[in-house]
Amino acid sequence: MAIELNVNGKVHSVDVPNDKPLLWVLREDVGLTGTKFGCGIAQCGACTVHLDGQPMRSCIMPASAAAGMKITTVEGVESPAAMAIRTAWRELDVVQCGYCQSGQMMSATALLESNTSPTDDDIDNAMRGNLCRCATYQRIRAAIHRAADELEA
Amino acid sequence: MLGKIDTRHLVRPALSRRSFLTVVGLSGAGFMIGCSDSSDTEPLAETGPADAPQPATQSAMGPFVRIGSDNTVTVLIKHLDKGQGVTTGLPTIVAEELDADWSQMRAEFAPADPTRYNNLFFGPFQATGGSTSIANSWTQLRQAAAGARSMLVDAAAARWQVPAADIVVAKGVVSHAASGNEASFGELASAAADMTPPAEPALKDPKDFTLIGTHVSRLDSNAKTDGSAIYTLDVTRPGMLTAVVQHPPKFGATVASFDPTAALDVPGVSEVVEIPRGVAVLADSFWSAKKGRDALEVVWAEADAEQRDSSELLDEYKALAEQASLPARSDGDVSAALASADNVVRREYAVPFLAHATMEPMDCVVELREDVCEIWTGAQLQTGDQMVAAHITGLQPEQVIINTEFAGGSFGRRAVPGSDYVAEAVTIAKAIDGRAPVKLIWTREDDMASGFYRPMSYHIMEGALDSDGNIGAWRHRLAVQSILAGTAFEGMIQDGIDSASVEGSRGLPYAIPNLQVDLYDVADVGVPVLWWRSVGHTQNGYVTEAFIDELAVQAGKDPYELRRELLKDHPRHLGVLELAAEKAGWGEDLGPGRGRGIAMHESFGSFVAEVVDVTVNEGGEFSVDRVVCAVDCGIAINPDVIRAQMEGGIGYGLSAALREEVTLAGGEVQQRNFDRYRPLRIDEMPDIDVHIVPSAEAPTGVGEPGVPPLAPALVNALADATGRRIYRMPIGDQLEA
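Those protein sequence lines, which keep their order, are chains E and H. Sequential numbering of the first sequence, starting at -7, is according to the working numbering. Sequential numbering of the second sequence, starting at 104, is according to the working numbering.
Source of the hints: derived by calculation from the structure; they are not laboratory data. Some hints could be false.
As the list claims (entries may be wrong) - A few chain E residues that don't get close to chain H, going by computed Cβ distances all over 12 Å: (1) Ala(-6); (2) Asn(-2); (3) Val17; (4) Asp21; (5) Gln35; (6) Gly60; (7) Met61; (8) Lys62; (9) Gly68; (10) Gly95; (11) Glu105; (12) Asn107; (13) Thr108; (14) Ile115; (15) Ala145.
Claimed, not checked - Here are the simulated DMTMM-like cross-link-like pairs (lysine to aspartate or glutamate), alpha carbons at most 25 Å apart as the crow flies: (16) H/Lys533 x E/Asp11; (17) H/Lys393 x E/Asp11; (18) H/Lys393 x E/Asp21; (19) H/Lys686 x H/Glu721; (20) H/Lys393 x E/Glu70; (21) H/Lys393 x H/Glu787; (22) H/Lys421 x H/Glu653; (23) E/Lys2 x E/Glu83; (24) H/Lys660 x H/Asp692; (25) H/Lys393 x E/Asp44; (26) H/Lys686 x H/Glu653; (27) H/Lys421 x H/Asp598; (28) H/Lys274 x E/Glu(-4); (29) H/Lys660 x H/Glu451; (30) H/Lys393 x E/Glu20; (31) H/Lys686 x H/Glu787; (32) H/Lys686 x H/Asp523; (33) H/Lys686 x H/Asp790; (34) H/Lys671 x H/Asp569; (35) E/Lys62 x E/Glu83; (36) H/Lys671 x H/Asp436.
Stated by the list, open to error - Which residues of chain H face chain E? A partial, calculated answer using Cβ under 7 Å: (37) Thr317; (38) Lys327; (39) Gly330; (40) Ala332.
The beta-carbon is built from N, C-alpha and C at its ideal position, and this holds for glycine as well.
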């Protein structure tokens, strides 16, 4: 079916099966590959994008359900919180293999957009859905705190 | 991972002295990464078609270093970066000897070519594993960079008509004080490429290092934080089809028959082909291919398949461990010492199958053209992958082009002697006569249930204590499946012993007069096994360090002090042990409900000690509060990357110790996704404090050595808190019973 998707502020018309997940439409039909496939059952968070500002798992959501919403991916996220997260991720060299980090950063950005000074518990609650097999968690936590401090300053 | 490739079984060529003027012919523009210390500079992250021009004129200074007219220095990375940081570590070595500025450094994966890019520890074989990337490249890259530096200096001397000896190079600037001349690398690169490097370029005295041992930013951080880093999953070729495979539900089952009708009815599906290990569905997208795969009806022939439960296998392993008789080490007379001892402590340990569970499931892109097979994948054994693809296609290995991509984790999984998923992708491309490029994508379920596993093992430990609490004898008998048996690397098994089975046990450093390690090499198990981050050390580090701890307590001794006594002649082991204990505050009273445990283990030439603190509640639930780690890996090239690898190794080891286990029911893997295979999440990550022992020794690896001490330090901490010891991994809810 033909649908229109607003991705990173740009409208894309795509013709895809109505059950095709948003993840694969973004990757294969829109051409944005920063959002990753990890599990396909919303257990790992590698596919996290923002829908109208809220973090969502794009691997289980049909793209057709996202029509009319503002979809933001790692390539297009540019709010002050997103920029602070990206800067902190780089300053602390959070990444190892990097595969899960798009999803991690999208979850972390959404957290900071709703909570400018998260506690460790807030971070656990917001980030528990994002797996990292390289176990970069300690740096993720530190980077979120640093980004929050930068936003406050 | 590949720590056990024994070079005696592979022809080891003389260290290559090929002309420094060899122009590096890159087949397919590699992925170049870099970062700048200046935050206003856009990250350099480019991909392009095979014939895309380089952004600036590049001058090759031998096989490893290119200098661009834009003043960039690109290091050709012969290893896979799967997160361990070689795209930062190897350029650091080059930048140091070249006296480059870190902001001009770039990294690009080298083409597959064992004549130039082999792992010097493995023979004429390009491969990443055994935590060897830094160690085998250390001298090679220092020489390459020192040679390139000499060429730049000679070019400047010729241009300015001054003696080369008076020219200074610092932070990417070549200068001559007396004449006031100054030039960037980029300005000199073209002329420098025509210079002849010295046969034996002078290397720096380590005391003059300015970059090594300092903090530099990871070169891959920018591309991995804006979505531009390219993994295999992100590679696209014109006209490409995506393949998803129906794999057999049980290891060793084969296709009896299949009906492609339902799969072909799925819109977008174009072909269904049988391959040696299943049936592949090809479509215009992943989603269509997966729907087609799920609709496929396959009848499996299971006569030769593994059909046992893992619990049955474990019972068999337990009986076989009693019969272990392949001698991996024999000091003194253990039987006599055990027979005459005052007190013999005997304990048994069970360790499960584990999945690597990389975040990026296995994937590979293949394009067959006339006389060429081109592959894009997170290649860890490039030479093996070339040979396997050549065998399938009938080409010569050098006709197989491999574009190494960033890998979303490996932990050993991408280093498969038979190149399983690469072979699968090439086979599928061949099955459709190369009509279209093929991207093979494994689902998470494929990855969990059709892959390779850390072998299960069973261990019987015996220790003899005399009346003074001295350990007079130590016997370790174990039953485990060989990783090398039945693979192309089988020739490395010596006297029936796969070193991967006994590493971390037969090298026990403790001064014990009678010491024996006996192996039972389990055959006839259908589960494919593979190196898993630190390989044999994962299970043997756990059992040896848990057992020595229990012996210490039985002997009435402090577990740390007992280890110190027994390590008097091992200064590097002792160094990390004492540093970790000191930084952790060993010996202080922690109060009720808390416990502290220590463990120390050497693997892949690096030494790591860890101290774990836990809190246990009355119901037996516990949290891991803190891990203090000390590591000695020789010269610390990138201290922050070393810390990151220790943090990651500890997290990986903790994840396995807490919950990870692959079990079989009727031969089928029961954990098929992250709902039942549940890795560590952020709320379970302890605070980790890493300390690096200063060292002048040659650098060794850090990808794996952080893993082995974690499990024993954790169970020792739990025993300290509760008096109860864990003999079966994972820990799960055993303390809650």
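Unsatisfied constraints (hint numbers, rising) = Those not satisfied are hints 3, 4, 5, 9, 10, 14, 16, 19, 20, 21, 23, 25, 28, 32, 35, 37.
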